[in-house]
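K.L.:
First to last, the sequence lines map onto chains H and S.
Position 136 (the first sequence) corresponds to 135 in numbering that gives the first Met the number 0; numbering is contiguous.
Position 78 (the second sequence) corresponds to 77 in numbering that gives the first Met the number 0; numbering is contiguous.
Just so you know, these hints were derived from the structure itself, not from any lab.
Glycine included, every Cβ here is placed at the ideal spot set by N, Cα and C.
Take these hints with a grain of salt, some might be off.
To be verified - Examples of chain H residues toward chain S, derived with CB under 8 angstroms: (1) 52; (2) 77; (3) 80; (4) 83; (5) 87; (6) 88; (7) 89; (8) 99; (9) 100; (10) 103; (11) 106.
Claimed, not checked - Simulated crosslink set (DSS-like; lysine-lysine; CA at most 27 angstroms straight-line): (12) S:55 to S:30; (13) H:1 to S:39; (14) S:16 to S:39; (15) S:30 to S:9; (16) S:9 to S:39; (17) H:93 to S:102.
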Amino acid sequence: MKAVIVGCGRVGAGLADELDRAGWQVLILDLTPAAFDRLPSTFGGTALRGDGTDEDTLRRAGAEDADLFLALTEGDNRNVMAAQLGVEELGARKTVAKINDPVRAEAYAHLGIATLCRTNLMSAAVLGFTGQAVPEHPGIYPPQQPHEHPIDGAGTGTVPAVPAAGGPSTREV
Amino acid sequence: MFVIVVGGGKVGYYLTKELIASGHEVALMEKDRRRAELIKDEIGSVVIAQDGCEGKYLHEAGANRAEIVAAVTGDDEDNLVICQMAKHHFDVPRTIARVNNPKNERLFRHLGVDEIISPTRMILGSIEQDIPVHELLHLAALGVGELEIIEAHLQPGSPAIGKIALDIPVPAGCSMFGVIRDGTPTPLNSDTVLAEGDKVIAIGRPDCEEDLRLQLIGEHEEA
Numbered sequence: 000m001k002a003v004i005v006g007c008g009r010v011g012a013g014l015a016d017e018l019d020r021a022g023w024q025v026l027i028l029d030l031t032p033a034a035f036d037r038l039p040s041t042f043g044g045t046a047l048r049g050d051g052t053d054e055d056t057l058r059r060a061g062a063e064d065a066d067l068f069l070a071l072t073e074g075d076n077r078n079v080m081a082a083q084l085g086v087e088e089l090g091a092r093k094t095v096a097k098i099n100d101p102v103r104a105e106a107y108a109h110l111g112i113a114t115l116c117r118t119n120l121m122s123a124a125v126l127g128f129t130g131q132a133v134p135e136h137p138g139i140y141p142p143q144q145p146h147e148h149p150i151d152g153a154g155t156g157t158v159p160a161v162p163a164a165g166g167p168s169t170r171e172v
Numbered sequence: 000m001f002v003i004v005v006g007g008g009k010v011g012y013y014l015t016k017e018l019i020a021s022g023h024e025v026a027l028m029e030k031d032r033r034r035a036e037l038i039k040d041e042i043g044s045v046v047i048a049q050d051g052c053e054g055k056y057l058h059e060a061g062a063n064r065a066e067i068v069a070a071v072t073g074d075d076e077d078n079l080v081i082c083q084m085a086k087h088h089f090d091v092p093r094t095i096a097r098v099n100n101p102k103n104e105r106l107f108r109h110l111g112v113d114e115i116i117s118p119t120r121m122i123l124g125s126i127e128q129d130i131p132v133h134e135l136l137h138l139a140a141l142g143v144g145e146l147e148i149i150e151a152h153l154q155p156g157s158p159a160i161g162k163i164a165l166d167i168p169v170p171a172g173c174s175m176f177g178v179i180r181d182g183t184p185t186p187l188n189s190d191t192v193l194a195e196g197d198k199v200i201a202i203g204r205p206d207c208e209e210d211l212r213l214q215l216i217g218e219h220e221e222a
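Just chain H, same shape as in the assembly (with noise of 0.2 angstroms):
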């Protein structure tokens, strides 16, 4: 089993060693070599200076097919970025995305892909130690479909709407 990660900070450091160790294929990128101080010594894996959102450099790492690909940098942008390149041209068979803005998070799991979400996460775990209500999806959403793009379909009337998640409503048509 391949897996790639891009963003080797606690979370990304930390899986890639869980991984490793059950067996796995790891290649993990970030921009900054420091970042690799995360690691165990022991890692087995691959560890590469690289950006993450570049198609060219995912390649040249052998990014290529993984079973997993999480995109696990600061920005949410480049992590959603990255998700795509690795479902779209990198034939990724799973995907994870973290997304720190609830907002964005909901979104793109209607667009089929998973993301992971800091900011329910935290607060989901605050509400169930307290003792109250838990949210339905309380860190990862599940991609709500297969990866859409629209432009290959007949026209882009084919994306279903996004619900509202609690912020901006969509346009009613």
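Starting from the known structure of chain H, arrange chain S on it as the hints suggest.
P.N.:
Just chain S, lined up with the frame of chain H:
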């Protein structure tokens, strides 16, 4: 027409000014407050000092009724997210993205961005037309960039020299339609034999380029 411009750098600033001058209604979103204030001093209250990647602020800017959203920040990933949010969350009919890495054009198009402007590609195209290169030249992009017109200048070593043009297997989605020989354009006939120095003109999808290059130019020298 109501246009939302996201990104108040040089491009966004001049774009907004020009749009206002031609009588359009514009909202310019720039997340850097200091930069936003500077522009506000100059062009007035159309500036919104918020992040256009956030659905909440796009909504406040009026994305529900915008006819065009133009994402012209300096970061490709931000421009992608702005266009996708505008398209899928607010049903904006036309989204335009500035793209720095030309490799991202295909992905953006695939993901539903309506128009993609790549300054890098444009400058590259301009340079390629000025200097002789043993490569394919992009003469023009058609439509929203799905098709391009390509010129291949046959140099010594080209595998196409001496072949009947119409016998050359071109990739699907691509068609050779003429040859320029000694400055004279001629259509391809069943007996047109290609010669050194010919310029073959073809039209096709960008993904045919690699196959076409192999047929007309040959292998890369450095490969």
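K.L.:
Grab the minimum C-beta distance from residue 52 (chain H) to chain S and call the hint holds if it beats 8 angstroms, violated otherwise.
P.N.:
This interface hint holds because 6 angstroms falls under the 8 angstroms limit.
K.L.:
Hint check: is the beta carbon of residue 80 (chain H) less than 8 angstroms from a beta carbon of chain S?
P.N.:
4 angstroms, holds
K.L.:
Below or equal to 27 angstroms on CA atoms is what counts here, so check residue 93 (chain H) against residue 102 (chain S).
P.N.:
23 angstroms, holds
K.L.:
Mind checking the CB of residue 100 (chain H) against every CB in chain S and telling me if the closest is under 8 angstroms?
P.N.:
6 angstroms, holds
K.L.:
So, residue 77 (chain H) near chain S? Judge it on the closest CB pair being under 8 angstroms.
P.N.:
Residue 77 (chain H) check passes; min Cβ-Cβ to chain S is 5 angstroms, inside 8 angstroms.
K.L.:
Hey, residue 9 (chain S) versus residue 39 (chain S), does the alpha-carbon distance stay inside 27 angstroms?
P.N.:
Distance of about 14 angstroms is within 27 angstroms: holds.
K.L.:
When the nearest CB of chain S is found for residue 89 (chain H), is that gap smaller than 8 angstroms?
P.N.:
Status violated, d = 11 angstroms.
K.L.:
Return the status of the interface hint for residue 99 (chain H): holds when the least beta-carbon distance to chain S is below 8 angstroms, violated otherwise.
P.N.:
11 angstroms, violated
K.L.:
Does the interface hint hold: is residue 83 (chain H) within less than 8 angstroms of chain S, judged Cβ to Cβ?
P.N.:
At 6 angstroms from the nearest chain S Cβ, residue 83 (chain H) passes the 8 angstroms test, so the hint holds.
K.L.:
Run the distance test for residue 30 (chain S) versus residue 9 (chain S): straight-line Cα separation, threshold 27 angstroms.
P.N.:
Roughly 14 angstroms between the alpha carbons, so the hint for residue 30 (chain S) and residue 9 (chain S) holds.
K.L.:
Does residue 103 (chain H) pass the interface hint, meaning its C-beta sits closer than 8 angstroms to a C-beta of chain S?
P.N.:
Constraint on residue 103 (chain H) satisfied, holds at 7 angstroms.
K.L.:
Given residue 106 (chain H) was flagged as interface, is its beta-carbon under 8 angstroms from a beta-carbon of chain S?
P.N.:
5 angstroms, holds
When the structure is compared with the earlier hints, violations turn up for hints 7, 8, 13 and for no others.
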